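Chains as they are written, first to last, in UniProt numbering: chain A, 1 to 222; chain B, 1 to 222; chain C, 1 to 222; chain D, 1 to 222; chain E, 1 to 222; chain F, 1 to 222.
Some hints could be false.
Given that identical chains are not distinguished, each listed pair holds provided it fits within a single copy or across any two copies.
Said to hold, decoys possible - The calculated DSS-like cross-link candidates involving lysine-lysine, where the alpha carbons are at most 30 angstroms apart (straight line), are:
#1 K222 <-> K194
#2 K110 <-> K86
#3 K118 <-> K199
The set of hints was computed from the structure by calculation and includes no laboratory data.
In this text the structure is predicted, and so the values were computed from the model without any measurement.
Number of protein chains: 6
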Amino acid sequence: MPSILVVNPNSSSSVSDTLKEVLRPPAEFDYDYFTGPLGGPLQIDSVTTEITSAANCLPTLIPLLDNYDGFLVACYSDHPLVHCLKEHTTKPVLGIFQASVLHSLALGGKFAIVTTVKIWEVLLSEAVRAFLGSETLFAGTFSTGLGVLELHDASPEVVSQRIGEAALKAVQNGATAICLGCAGMAGMEEAISKAVGDKIRVVDGVVAGVEILVGLIRSGHK
Amino acid sequence: MPSILVVNPNSSSSVSDTLKEVLRPPAEFDYDYFTGPLGGPLQIDSVTTEITSAANCLPTLIPLLDNYDGFLVACYSDHPLVHCLKEHTTKPVLGIFQASVLHSLALGGKFAIVTTVKIWEVLLSEAVRAFLGSETLFAGTFSTGLGVLELHDASPEVVSQRIGEAALKAVQNGATAICLGCAGMAGMEEAISKAVGDKIRVVDGVVAGVEILVGLIRSGHK
Amino acid sequence: MPSILVVNPNSSSSVSDTLKEVLRPPAEFDYDYFTGPLGGPLQIDSVTTEITSAANCLPTLIPLLDNYDGFLVACYSDHPLVHCLKEHTTKPVLGIFQASVLHSLALGGKFAIVTTVKIWEVLLSEAVRAFLGSETLFAGTFSTGLGVLELHDASPEVVSQRIGEAALKAVQNGATAICLGCAGMAGMEEAISKAVGDKIRVVDGVVAGVEILVGLIRSGHK
Amino acid sequence: MPSILVVNPNSSSSVSDTLKEVLRPPAEFDYDYFTGPLGGPLQIDSVTTEITSAANCLPTLIPLLDNYDGFLVACYSDHPLVHCLKEHTTKPVLGIFQASVLHSLALGGKFAIVTTVKIWEVLLSEAVRAFLGSETLFAGTFSTGLGVLELHDASPEVVSQRIGEAALKAVQNGATAICLGCAGMAGMEEAISKAVGDKIRVVDGVVAGVEILVGLIRSGHK
Amino acid sequence: MPSILVVNPNSSSSVSDTLKEVLRPPAEFDYDYFTGPLGGPLQIDSVTTEITSAANCLPTLIPLLDNYDGFLVACYSDHPLVHCLKEHTTKPVLGIFQASVLHSLALGGKFAIVTTVKIWEVLLSEAVRAFLGSETLFAGTFSTGLGVLELHDASPEVVSQRIGEAALKAVQNGATAICLGCAGMAGMEEAISKAVGDKIRVVDGVVAGVEILVGLIRSGHK
Amino acid sequence: MPSILVVNPNSSSSVSDTLKEVLRPPAEFDYDYFTGPLGGPLQIDSVTTEITSAANCLPTLIPLLDNYDGFLVACYSDHPLVHCLKEHTTKPVLGIFQASVLHSLALGGKFAIVTTVKIWEVLLSEAVRAFLGSETLFAGTFSTGLGVLELHDASPEVVSQRIGEAALKAVQNGATAICLGCAGMAGMEEAISKAVGDKIRVVDGVVAGVEILVGLIRSGHK
């Protein structure tokens, strides 16, 4: 049975646990989960933690490459692990950022990203340019001001309101699809739909990522 | 059970028959097939036939939109039916051109298109710009000089040689993935791999298309 | 005497009548008018009606190509008839959208489009990219919220006010030229000039279109 | 009767004489000719001579602005006079480079420029980017190696051959229209058509320029 | 001892005097100053004065090219002298506009320009595109509405306030570095820092320009 | 006395020794050198080694940030250390790739990169897009096929020939400046000049990098 490894590059197993709860493999597929070994960053909120989390995961991950048919890097960024793993295997490797962009393009119109804190506004614009070669179809990154931890610690009302406000700005800027710009936003689609209506697509990169990998594997890419 | 309608917008049922043979739905999914009603063009090789095939299909297709969960337009072009159907349903609609580009992006590197005749070189460059907003990741369209019918009537050696030559030019131009630029090229992956080696990805937009639609439907887009 | 066919691709002869009133051929030139045959859409307000109007006109239009020296497609969009007709004649074929962009570029600065309803904001941005290869010189599309019919049925005060507001936004966004983004806006230049002053150019694509065709024909293109 | 001033910014009256012979105003229009005052450069083949020719013409030209309805700057470059004159009059001002690009866009496809010497390859690429915002529709500048004077002094066979070779490279690079990239190439259309066939458009910016100005004036721009 | 000529292309020696006061050559380098000869424009605020100032300076400047090792054109624009001088010497020639962009890129993030009057908003956008090939890293030009002379004649409070307001808009538009968009703004860094905080870089193109030239000369470019 | 730390992110002290020999600080400046701690990669030839070298250096480098006034990352790539260090200090941080691009832009024309092995062709194109936002001014990366070690082990004739061939292709592709695309190419300017003549600029990013940092520090950036 083909299987996909979902890689959480930070060292917080609680994030991996959430992913396990959200994802449901299709018949004939299996998903497995990887958490960054202890000693790496607990959350990724800078280029520095992108780099150190990648370097922290690589020695443990490389020996696992033979065991799986596809790999999803579950950090919403142009995470360096995606590029590193492709140097060590020809099997499909995808990041959740790239996956969310691909599903957005498949749905059509312009896409935006709703994310946590301001630093991602610059980094994700760069990531879009690196992935698509231009920002033509990109309606921008809109930060809520809530960090990853605050997303879970703040009251649900505050979280919903902030996410809704960011989504509204995205739509006013022309977005017809909104990507959840943080692995920790899984399950927060409703806050967006309540704010902007259900004609606006909400794309969860984690879900999009495993689905695209399943499709690539079923198409024969190995 | 969710089902996908594969739309062959020309009026040649033999093309639809070939698609039926190539595609295998995953468990819990069903594929159905549609051929352009008699009176439309038998093959699509110009903007004019793109337009007339779309207009020919629309009256019959629109009443079917309620019966399916996703729609694949199986003409390798920026076919107008994709845009028209999106005006009549919110369900996922995808063309095989766009699908091949999405799978190429997911696999990484630069992609090229190997196609039939010269007219597509301009039309597909425009299609890439329309879909991605730039041609940055596009290594070009390379025509074999063989029309759709010749692909099937010419000797297999000639076909393989022409496709191989076009693929080689694509790789020399920087392509790491090559899209089969014609629905009628399904099954011709080997000719490419023989010419350029198996490190170069070959992407069949028909296969990519149904897989992406399955993923979108499984992700909840309706 | 060289003559130009002005093609109204929808099936409303009243639109063609308006064009006849507005246009004045120069000495030694003749203009003739074509209306979409009955059965096609009465107005064009979607990709679907672009496609069906094109397919509706083609069988009647193609036999007329020998009789004229140039063709103007009088629908403010990247109308497919422009591309189709070019496949059937080498004589100059132009759309009023493209014509308005060319006159704007000739006048210099940045151009914007004032149009009817919101759907055109996305479609006309795509049209600009398709025509010029980038949106660098484009200050955007600004919709009035009034459909084609409302433009004629609403009170002149309301129409003027809405057009003026849209034009003002265009100028605040950097436009130095404003294109009338609908064949039905012919004659509404004054509403714009009243709102934004007469330093801002107003470009009517219908007028621009016949003038450019006359110039191409006089330059020997056939 | 509306009239257009054709401005030859260099100080060689022979160039102006050639223009006079080539151009034929339409009924109800008049063309007049201006040559750069003595003391300016005799030919323009560098940024330096662009600048000095512009500065040389300005004092004499500005007092003439009231006497004409449109102005054509007849140097095939992004000549600074075009921009300067626009600061002194709101009447239409156009350069022959820009005019040739506009007629090429009106005709469709990709355009290239066949020109004299190598320096123009860089300058005209910059000019295209400055005018259109991108080089997407531009198939490049192809120099013949013959300077302006050599165009007239060399044997017609040599001139035809060099122009033909440059045109052929342009077509191989995707051009469907070729602009004569030098005011002194007026009348050399045939050399190109002989080399690349008559399906390729040849655009003379001098002719295109007066025709576009006539159209702008007839459209009411003043 | 290598020496750099700082060229003030306008004919106001007071501007050159200010530059002399601001600049301090490093050990082993010498700076010299050039003012446009009498008869040229006293300030540069249009394409016309760019052109006439360049033409006015050239005859006097060219004989000086042998005496210096690098040249800084101290007008904040895509001043034509930069391009002209490069045609007469292989030694490094730089404009203060280009220098400010280079230091901004070296510092990272997005840069904006705070300038005098509105005309520069269009001209400097064009200048960025001409210099970098795109406006991707450019957060825009923000004019204060104060002309060069007003910068010095208005009360310091008004000047500070206007510059501060423009800088604030630049930062809200994403700028992390702000270029002083006028040679006459030398010394006004503080007004910006007071308005937007000292995390935002302020780049003075005059200072940047001589430093880059020193670096190019020390690197062996001659 | 201000000082600059030259960071060699790989763990080969011989590379650092070469840099020490090549660089000469200007009066009133001091340069110091850092080599990646043992355990990191000995050479950087992939995204993986970029990442692991950065992670390897960071813990040792961060405590040193207070001791210096500027930092040069001496690996010819879009090395992640540049971005990481900027998150830990506001002092100027530059990579030698970016430095070579900045000096190329200052010199004018189009630049190309001559480098070691094929993998860099894709990575450096991406790096240019990331740094400038487009590849408009970039004439491409040309690999010699010689790895870093071969550059020093192969016979000087072979090295010169390969570098010369790559440089020639760069010039034929429009380059007027050629960047040495590897820290280990310091001192190989002559091989290029011999192949392409001394009108083509050769830019050494290591030299350019310290010079630009000196200029930024002298301009007050800290």
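Evaluated hints:
1. For a Cα distance limit of 30 angstroms, the shortest separation of K222 from K194 across copies, 17 angstroms, qualifies, whereas the shortest one inside one copy, 40 angstroms, does not.
2. Both within a single protomer and between protomers do K110 and K86 lie at most 30 angstroms apart by alpha-carbon distance, with minima of 28 angstroms and 14 angstroms respectively.
3. Taking the shortest alpha-carbon separations for K118 and K199, both the intra-copy value of 27 angstroms and the inter-copy value of 15 angstroms come in at or below 30 angstroms.
Checked against the numbered hints given earlier, this structure breaks none of them.
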